[in-house]
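Student: Here is how the chains run, residue by residue.
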Amino acid sequence: MDTAIEPTAGQNERRPVQVTVTVNNQPVILPSRELTGLEIKQAAIAQGVPIDTGFQLSVKRGNGRYEVVDDDEQIRVHPNQEFLAVPPDDNS
Amino acid sequence: MARRPVNPPAEGWSLTIPHRLWTELSAHLFPSGGGAVLLAGHAEGARGPRLLAYDLITATNDTDYIPGEYGHRALAPSFVRDAAVRARDESAAYLAVHAHGGLDRVRFSSVDTASHERGYPALRQITGQTVGGLVLTPHAAAGDLWLADGSRTPLAETVIPGGNLLRLRPCPATATPAGPDHDRQARLLGDVGQETLNRLRVAVVGLGGVGSILVEELARLGVGTLVLIDDDTIEATNLPRLVAAGKDDIGLLKTDLAARNAQRANPRIRLIPKATRVEHPEALKELALCDWIFLAADSASARHWVNATVQQFLIPAVQVGVKIPVDSAGYVGQIHTATRIMLPGDGCLWCNRLIDSTQLAIDMHPKAERDAARYVPGVPAPSVITLNTLAAAEALNHFVLAATGLHDDDHDHAAVIHRPRTRQRDLQDPRQDANCRWCTPAGRLGRGDSGSVVQTATL
Ligand SMILES: [Zn+2]
Ligand SMILES: [Zn+2]
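If you read the sequences in order, they're chains A and B.
Anchor point for the first sequence: position 27 equals 27 in this note's numbering, and the numbering is continuous, going up by one each time.
Anchor point for the second sequence: position 450 equals 1450 in this note's numbering, and the numbering is continuous, going up by one each time.
This is chain A alone, in the form it adopts within the complex:
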């Protein structure tokens, strides 16, 4: 939109959001409320959680059960939400 008035901070502009969740019990700060499974794993990796992007991500639901979040699946996160990321355990 084209207006003469610059929007003032704190009004129309989206304030940068930070949501702290846990991935494998480690605090991870996410830059947005809406992220994909892959973006959550990437944020965790960048913050030192020992996983890789091939791990399977799950989110803990209100009923205490874990539900898989696919790499391209967008989910809405909330503070203190709990995620687990595990690999398959390959053997030969």
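Hints were generated in silico from the structure; no laboratory data involved.
Please read these numbers as outputs of a predicted model, since none were measured by experiment.
Just so you know, not all the hints are guaranteed correct.
Some chain A residues near chain B, calculated using beta-carbon distances under 7 Å [claimed, not checked]:
{"hint": "1", "residue": "Asn-24"}
{"hint": "2", "residue": "Asn-25"}
{"hint": "3", "residue": "Pro-50"}
{"hint": "4", "residue": "Ile-51"}
{"hint": "5", "residue": "Gln-56"}
{"hint": "6", "residue": "Ser-58"}
{"hint": "7", "residue": "Leu-84"}
{"hint": "8", "residue": "Val-86"}
{"hint": "9", "residue": "Pro-87"}
{"hint": "10", "residue": "Pro-88"}
{"hint": "11", "residue": "Asp-89"}
{"hint": "12", "residue": "Asp-90"}
{"hint": "13", "residue": "Asn-91"}
{"hint": "14", "residue": "Ser-92"}
Cβ-Cβ distance ranges computed for the label pairs, FRET-style [said to hold, decoys possible]:
{"hint": "15", "chain 1": "A", "residue 1": "His-78", "chain 2": "B", "residue 2": "Arg-1270", "range": "49 to 55 Å"}
{"hint": "16", "chain 1": "A", "residue 1": "Thr-36", "chain 2": "B", "residue 2": "Pro-1281", "range": "31 to 37 Å"}
{"hint": "17", "chain 1": "B", "residue 1": "Pro-1154", "chain 2": "A", "residue 2": "Thr-36", "range": "35 to 41 Å"}
{"hint": "18", "chain 1": "B", "residue 1": "Ser-1151", "chain 2": "A", "residue 2": "Lys-60", "range": "25 to 31 Å"}
{"hint": "19", "chain 1": "B", "residue 1": "Ser-1109", "chain 2": "A", "residue 2": "Ala-46", "range": "43 to 49 Å"}
{"hint": "20", "chain 1": "B", "residue 1": "Arg-1270", "chain 2": "A", "residue 2": "Gly-54", "range": "50 to 56 Å"}
{"hint": "21", "chain 1": "B", "residue 1": "Asp-1409", "chain 2": "A", "residue 2": "Arg-61", "range": "45 to 51 Å"}
Footprint (simulated), chain A over chain B, 3 or more residues, beta carbon under 8 Å [as the list claims (entries may be wrong)]:
{"hint": "22", "segment": "1084–1098"}
{"hint": "23", "segment": "1116–1124"}
From the three backbone atoms N, C-alpha and C, an ideal C-beta is built for every residue, glycine too.
Position chain B with the ligands against the provided structure of chain A, taking the given hints into account.
Tutor: Same frame as chain A, now just chain B with the ligands:
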């Protein structure tokens, strides 16, 4: 099947698997090659930390156990996650298990190791517990443990207390030749069998008529460490039944006499005498560090505490008893001796109605109150050394053959009931209550240090 290697106890981390779980796990892994996770409690041991397996989660082929991304097969991520969540919620160690071909030797492949390095740091963070991998053949086991403190260590041995006391290692132990003293015995037991006895830590609870014989023979067999538990002193009426006791010993602690006899039988023996009742925390602490327990005390409390230790710490035991029914008119009933093998994860003394809860409640009170609570003043029960010998010999032979892997059947652990008046000898299989709070995964089985026996034994 080819004869299995006999491995003396090893120093370092060990895993104990109750024989029923081992049977279930073996059927799942051999020969088809499935995957599974074991959940395990923790305890200290005489030779290093112990993991105590109490439950097995088998992976269903094709859904939980799938073609691998890098390896041949893989535990599916959702299966790994759910097992890890259980380990976290139950404060248990998580051990992923699979099998390799071969028999007496086993080691992880590079794919196995790479998978551990990729995944176990995360599983350790999720569970806050020890996590690791275990690879098995029917005769060998290797483990790679990632400890909660951040370190990583191999598993020294996997112990299966069944009819035989199996010990699996990555490769068979090499024998140290037995000394000339035990040459004749080692001709049966083998040098590794003799070395096994020397490295074992065995407890005798109750040092009266039966216990006295047990101590003498265990020391002469070459058992390396004996824990001796009894708070009683010697009375004149005990002398006919106590090995090498004399009049001067009246008033002496039974632990002192037992220690003297053991020392004379084997000057190199290590002795840990505890002149207390078995439920004393010091005695319980020593019991929990043993490889085997002989229960030769007949009180309900001794039965209860040893039973609890067997199940919570996965330590095999043998209960030895002699029953001589003689009524006030002098009528002699059916005399019998009982030698009951108590295996972790199997029908326990509670399941077999062998602990009287009323008697136990009385036993748990101070001595003066105990005496007052008994309706009939204590008439001494009959006791005869030859009958004690019969029961003790059965228990000792079972122990020697089990420790050196010489029983024909790895899992046969029936009790032996001997009736000398009719010269009958019968085998009796134990029964198990499905939800026993001692001998099933629903109870204290394998929970080790996560709650002491003392705290959890509220009646
Ligand atoms: Zn392998
Ligand atoms: Zn039971």
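Student: Any of the earlier hints contradicted here, and which numbers?
Tutor: Going through the list in order, the structure violates hints 15, 16, 19 and respects the others.
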